[in-house]
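In the order they appear, the protein sequences are chains A and B.
Following the working numbering from start to finish, the first sequence increments by one per residue and tops out at 185.
Following the working numbering from start to finish, the second sequence increments by one per residue and tops out at 311.
Take the hints with a grain of salt, since some may be wrong.
[To be verified] In the DSS-like style, the derived pairs of lysine-lysine whose C-alpha atoms are separated by at most 27 Å in a straight line are:
| # | chain 1 | residue 1 | chain 2 | residue 2 |
| --- | --- | --- | --- | --- |
| 1 | B | K5 | B | K178 |
| 2 | A | K52 | A | K67 |
| 3 | B | K29 | B | K178 |
| 4 | B | K115 | B | K85 |
| 5 | A | K67 | B | K37 |
| 6 | B | K15 | A | K45 |
| 7 | B | K29 | A | K52 |
| 8 | A | K45 | B | K251 |
| 9 | B | K150 | B | K251 |
| 10 | B | K115 | A | K45 |
| 11 | B | K37 | A | K101 |
| 12 | B | K37 | A | K45 |
| 13 | B | K5 | B | K29 |
| 14 | A | K131 | B | K38 |
[What the hints assert, rightly or not] Selected chain B positions facing chain A (Cβ under 8 Å, derived; list incomplete):
| # | residue |
| --- | --- |
| 15 | K27 |
| 16 | E30 |
| 17 | I36 |
Hint data in this document are derived by calculation from the structure and do not stem from the laboratory.
Virtual Cβ for every residue (Gly too), placed ideally from N, Cα, C.
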Amino acid sequence: MKKPETRRKEILDAAGIQRSLGRLALEIFERQAGNRDFALIGIQKRGVPLAKRIAKKLKEMEKLDVKVGALDINLYRDDFSTVGTAPVLRGTSVPFSVEDKTIILVDDVLFTGRTIRAALDAIVDLGRPRKVELAVFVDRGHRELPIQADYVGLSLNTRRDDNVELMLEETDQKEALILESGEKK
Amino acid sequence: MKIGKHLIGIRGLSKADITHILDTAEKMKEISDRPIKKVPALRGKLIVNLFFENSTRTRSSFEIAEKRLSADSLNFSASTSAVQKGETLLDTVLNIERMQPDAYVMRHASPGSCKFISNYVKGSVINAGDGAHEHPTQALLDAMTIREKKGGFEGLDILICGDITHSRVVRSNIHLLKTMGANVTVAGPATMIPPHIDKMGVKVETNFDRALKGKDVVMMLRIQLERQTKNLFPSMKEYYLTYGLTEERFKLAAKDAIVMHPGPINRGVEISSEMADCRESVILDQVENGVSVRMAVLYLLMGGGEDEASN
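Let's have the full structure, built from the sequences with the hints guiding it.
If you want it as structure tokens, here you go:
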């Protein structure tokens, strides 16, 4: 079968990604003013380098030391029994207690909200945070669950069958935010 | 990446398959250190543990792995079942099959029994030991332990010593270690070394001291006490003197060598008490890794879904 034609459009380049991330970090800093007990947990896989970069920016701009963890949500997915291949595990590593902390979940693209639903389940298995917030690089809409982000780097109008891809140096050896739109049916 | 529907043996798995299982097992390990040692991955799946032969550690290890992944498990052991009343293996399985299990973990005395059963069931079959044929999850947990301690397999010199003929652990281990690029030597009394084992690509040695020289990994096998009646060796004492791993002998191995044993150990038969408890002994690490490896296998065989999360 012929693959339907798609159009790829670069929404942000490396510099644009840097700027959006800077804004995101600043917003987190302002909202967490006075609260020294917060930590970032990136969702595998691209949320992890994003969380690390935000922590680095907070260190550079505001001299803040923020702990960073990584969360693999594949064992918590709601589509696990669908026929196919078991997702590759990248591992959970949260080398600090989440108990009574404000945890800011970090992910690349917020879409249906199902990943975040799984992440919330995964987090509470590690302990009982005082509060959980969500920071995403792109919010592309089309939620299927009552979930929303507290910090958004960029809001993007998309169609349901579009594909939004954030490519990062750490995971993709390239920096770009790509919008791939399918041909109109 | 799919490693297949069943895990009947190591034979047939590629280097990439084995690496994928070990990588997944490594990621599973962290779950056992959590305050809540459970993830919902296999929620609502029924796994039947079919043990036609006695087993404590393998069955417990599988059971723990199933519980950590939130599967429901049913334990079936031959001693308390209709097998005692004359039911055949296939009839037993066909009966259970109607209760809609998603996987079977099976141990049976007959080589090939797991393969046979896999032709009749809808779910996955995982071999937990079929006669002297294979015991794939044991080889995988051994491999996980070796990789953890040695960083890899390429060029490692590995010795397996004991009753090579009756050991399913040996066959699975040879397949795995050769596939991963290690050099394998088997040692033991000539009465316990099967003919043509060299065809599997291993070196054969009946002199234990010579076999030990320079080895990076020394894997001792349990001498099955019940086999002594077959006159394969004169006495336990003599076996210990000729093939028992002692501190003195262990000096012949490579400087940073490790000691392994699939358990249960017979202190003073194949291994001295000092060697079983020494710093170089990773016997209990093997037990710990067993749970992670079995979680990985269950997850990979029974798991579904897309590779990438849909945000």
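Requested in this report: Output the numbers, in ascending order, of every earlier hint that fails for this structure.
Outcome: Numbers 8, 10 - these are the hints that the structure violates, sorted from lowest upward.
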